[in-house]
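Enquirer: The primary structure of each chain is shown beneath.
There are 2 protein chains.
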Amino acid sequence: MAELLVVGSVALDSIRTPFGEAADVLGGSATYFAYAASFFTQVRLVAVVGADFPGSHLDLLARRRVDLAGLQVSSGETFRWAGEYGYDLNEAKTVDTRLGVFADFRPALPSHFRTTPFLFLANIDPELQLDVLRKVERPKLIALDTMNFWIQGKREALQRVLAEVDAVVINDTEARMLAQEPNLIKAARAILGYGPKTVVVKRGEYGALMATDGRFFFAPAFPLESVFDPTGAGDTFAGGFMGCLARAGTMDEASFRRAIVYGSVMASFTVEDFSLSRLLRLEASEIEERYRGFREMMHFEH
Amino acid sequence: MAELLVVGSVALDSIRTPFGEAADVLGGSATYFAYAASFFTQVRLVAVVGADFPGSHLDLLARRRVDLAGLQVSSGETFRWAGEYGYDLNEAKTVDTRLGVFADFRPALPSHFRTTPFLFLANIDPELQLDVLRKVERPKLIALDTMNFWIQGKREALQRVLAEVDAVVINDTEARMLAQEPNLIKAARAILGYGPKTVVVKRGEYGALMATDGRFFFAPAFPLESVFDPTGAGDTFAGGFMGCLARAGTMDEASFRRAIVYGSVMASFTVEDFSLSRLLRLEASEIEERYRGFREMMHFEH
Numbered sequence: 001m002a003e004l005l006v007v008g009s010v011a012l013d014s015i016r017t018p019f020g021e022a023a024d025v026l027g028g029s030a031t032y033f034a035y036a037a038s039f040f041t042q043v044r045l046v047a048v049v050g051a052d053f054p055g056s057h058l059d060l061l062a063r064r065r066v067d068l069a070g071l072q073v074s075s076g077e078t079f080r081w082a083g084e085y086g087y088d089l090n091e092a093k094t095v096d097t098r099l100g101v102f103a104d105f106r107p108a109l110p111s112h113f114r115t116t117p118f119l120f121l122a123n124i125d126p127e128l129q130l131d132v133l134r135k136v137e138r139p140k141l142i143a144l145d146t147m148n149f150w151i152q153g154k155r156e157a158l159q160r161v162l163a164e165v166d167a168v169v170i171n172d173t174e175a176r177m178l179a180q181e182p183n184l185i186k187a188a189r190a191i192l193g194y195g196p197k198t199v200v201v202k203r204g205e206y207g208a209l210m211a212t213d214g215r216f217f218f219a220p221a222f223p224l225e226s227v228f229d230p231t232g233a234g235d236t237f238a239g240g241f242m243g244c245l246a247r248a249g250t251m252d253e254a255s256f257r258r259a260i261v262y263g264s265v266m267a268s269f270t271v272e273d274f275s276l277s278r279l280l281r282l283e284a285s286e287i288e289e290r291y292r293g294f295r296e297m298m299h300f301e302h
Numbered sequence: 303m304a305e306l307l308v309v310g311s312v313a314l315d316s317i318r319t320p321f322g323e324a325a326d327v328l329g330g331s332a333t334y335f336a337y338a339a340s341f342f343t344q345v346r347l348v349a350v351v352g353a354d355f356p357g358s359h360l361d362l363l364a365r366r367r368v369d370l371a372g373l374q375v376s377s378g379e380t381f382r383w384a385g386e387y388g389y390d391l392n393e394a395k396t397v398d399t400r401l402g403v404f405a406d407f408r409p410a411l412p413s414h415f416r417t418t419p420f421l422f423l424a425n426i427d428p429e430l431q432l433d434v435l436r437k438v439e440r441p442k443l444i445a446l447d448t449m450n451f452w453i454q455g456k457r458e459a460l461q462r463v464l465a466e467v468d469a470v471v472i473n474d475t476e477a478r479m480l481a482q483e484p485n486l487i488k489a490a491r492a493i494l495g496y497g498p499k500t501v502v503v504k505r506g507e508y509g510a511l512m513a514t515d516g517r518f519f520f521a522p523a524f525p526l527e528s529v530f531d532p533t534g535a536g537d538t539f540a541g542g543f544m545g546c547l548a549r550a551g552t553m554d555e556a557s558f559r560r561a562i563v564y565g566s567v568m569a570s571f572t573v574e575d576f577s578l579s580r581l582l583r584l585e586a587s588e589i590e591e592r593y594r595g596f597r598e599m600m601h602f603e604h
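Top to bottom, those sequences are chains V and D. This note's numbering puts the first residue of the first sequence at 1, with every later residue one more than the last. This note's numbering puts the first residue of the second sequence at 303, with every later residue one more than the last.
Please note: incorrect hints may appear among the correct ones.
[Claimed, not checked] Label pairs and their computed distance ranges (CB to CB):
hint	chain 1	residue 1	chain 2	residue 2	range
1	D	Glu386	V	Gly20	37 to 43 Å
2	D	His601	V	Arg155	34 to 40 Å
3	D	Leu582	V	Lys197	45 to 51 Å
4	D	Ala353	V	Arg155	23 to 29 Å
5	D	Gly455	V	Lys93	30 to 36 Å
6	V	Glu272	D	Arg400	47 to 53 Å
7	V	Glu272	D	Leu526	30 to 36 Å
[Unchecked claim] Derived lysine-lysine pairs resembling BS3-like cross-links, with alpha carbons at most 27 Å apart:
hint	chain 1	residue 1	chain 2	residue 2
8	D	Lys488	D	Lys499
9	D	Lys488	V	Lys93
10	D	Lys442	D	Lys499
11	V	Lys197	V	Lys186
12	V	Lys135	V	Lys154
13	V	Lys186	D	Lys488
Treat the hints as calculated values from the structure; they're not laboratory data. Since the structure is predicted, the reported quantities are computational estimates derived from the model, not experimental observations. Just so you know, even glycine gets a beta-carbon here, dropped at the ideal spot from N, CA and C.
Turn these sequences into a full structure, and let the hints steer you where they fit.
Expert: Spelled out as structure tokens, the structure:
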């Protein structure tokens, strides 16, 4: 079992879906990632919150043994995101974004974080992602996520960080945008050309695909009769994926495939309730049960 | 190896995609189905064409040993469909439909067709599908396809035929429409409640899923760098699916899963060119190669 470092956002989300709404609930890419990954390995978190951030939220992460030594508490307001979903839960509409203390976020790494073997650069400014890379000893595995905002506004910096990472975990729309290529298979290959050896494309209700040199692996999404709130599904996926790899400590194709399935398992729980609610009541046995479910759903004989 | 009967349309299609166009090319649900299935088993076809239908098209089917004794040639024009696709190849826009002799189509079954063990009722008026069922000895396996037009306009007849078939092969939009349920997993379960023991949902570039009592199987679409024309992909899928089952003659879960994968293999060839062009130059070895590709793309170890 190897340690896993995540740098990203901790936020307060306000969400409206056709099935209900929630105000100022715990969110953020690093939060979902860390909580999901904590089921697999020791997680270290670097992020910033404002003075208004409820201590009870930190307790939730601390109880999962997430090392919060890299969490800055700044005077000012915590990053807030408000979004809504229609019946097509694949796409969130951002209603409001208030960056607060996140606007001046500059990742600070406690010294014991600098030698973490697994690193996930969640969706933040690629300049900050580069900054983190300059502060750490080269990890065994580095993965990153990004979004349309950085692809459009900071492509040059993003290309530089892409050249230094091992894996990209990105959603399908952003993969197409990054590669400027509508065909997803071509887009994945194009992104491999930017540097990373592995591209993982998250496709929401259609699952995930992984492209490595000349090979593809496809996992469906777990069939759920009720998807309540997809917020955080992608970050939870990444947490399960990286957590599984860090736990195994191995980096062969078989390990990556198992990690894709564990990522899919973790994401399937997140969408069953608002915020981290479903993860908070998740048992390790449920993870294993759903993992076996994936085997059953994907298996066929010659 | 058991015989397989298909009742559906034989048409002349005019298609425009962002990558090219083709006028009055061979098309129709029964055509794609029969040609694909002919790689697996002996196919019998029931359809109607007009006096204008090129004999060379019939030769293509005859060369695949498709039994054309049930193909009526009526005075009048062959069914013509004109459609176009944007860059999102998942959805065809119908530009023009001229039913011609298809408007008065009444399936006539040669006597040796009446005892065919495998039957596929392609997308035609559910009244005609019921009419076929009254004319045959109960096959070992009956499957049907349908479309929005019949779901909206002939729901009552459609429900009656659904109660008599073993399997439904339908696309995702139509599954949701048929069940009046946006969640696809719930929709599949609802359709199982209408009578069939198996529901196969075609999801275009996202592959296919099969729902049986309490179990799901998911297959991705084959990763293609260039999708040229999706017309006929669904019918080709159904042809590979039913052809594989008829060849095996077995109807257990494992056989159905293999059939889903062979259906996906066949569909992946169809979309690589206009009309049946890619199928016409298809070798059996290519089918097996792509089937092995599916195993490789879906396999993971515990």
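Enquirer: Now look at each hint and say whether the structure bears it out.
Expert: Do the hints match the structure? See the list:
1. Between glutamate 386/D and glycine 20/V the CB atoms are about 41 Å apart, so this pair conforms to the stated range of 37 to 43 Å.
2. Checked against the hint of 34 to 40 Å, the pair histidine 601/D and arginine 155/V passes, with Cβ atoms roughly 36 Å apart.
3. Look at leucine 582/D against lysine 197/V: about 39 Å separates their beta carbons, and that is not inside 45 to 51 Å.
4. Checking the proposed 23 to 29 Å range against alanine 353/D and arginine 155/V shows it is violated: the Cβ atoms sit about 60 Å from each other.
5. Roughly 35 Å separates the CB atoms of glycine 455/D and lysine 93/V, a value that falls within the hinted 30 to 36 Å.
6. The given range of 47 to 53 Å is respected by glutamate 272/V and arginine 400/D, whose C-beta atoms sit roughly 49 Å from each other.
7. Between glutamate 272/V and leucine 526/D the C-beta distance comes to about 33 Å, which sits within the given range of 30 to 36 Å.
8. Simply put, lysine 488/D and lysine 499/D have alpha-carbon atoms about 15 Å apart, close enough for the 27 Å limit, and the pair holds.
9. At most 27 Å may separate the alpha-carbon atoms for a hinted pair to count; lysine 488/D and lysine 93/V meet this at roughly 25 Å.
10. For the given pair, lysine 442/D sits about 13 Å from lysine 499/D by alpha-carbon distance, which is consistent with the 27 Å threshold.
11. Annotation: proposed proximity of lysine 197/V to lysine 186/V holds, straight-line Cα distance about 15 Å (limit 27 Å).
12. About 21 Å separates the Cα atoms of lysine 135/V and lysine 154/V, which keeps this hinted pair within 27 Å; it holds.
13. Our distance criterion of 27 Å between C-alpha atoms is broken by lysine 186/V and lysine 488/D, whose separation comes to about 33 Å.
Checked against the numbered hints listed earlier, the structure breaks hints 3, 4 and 13; every other hint is satisfied.
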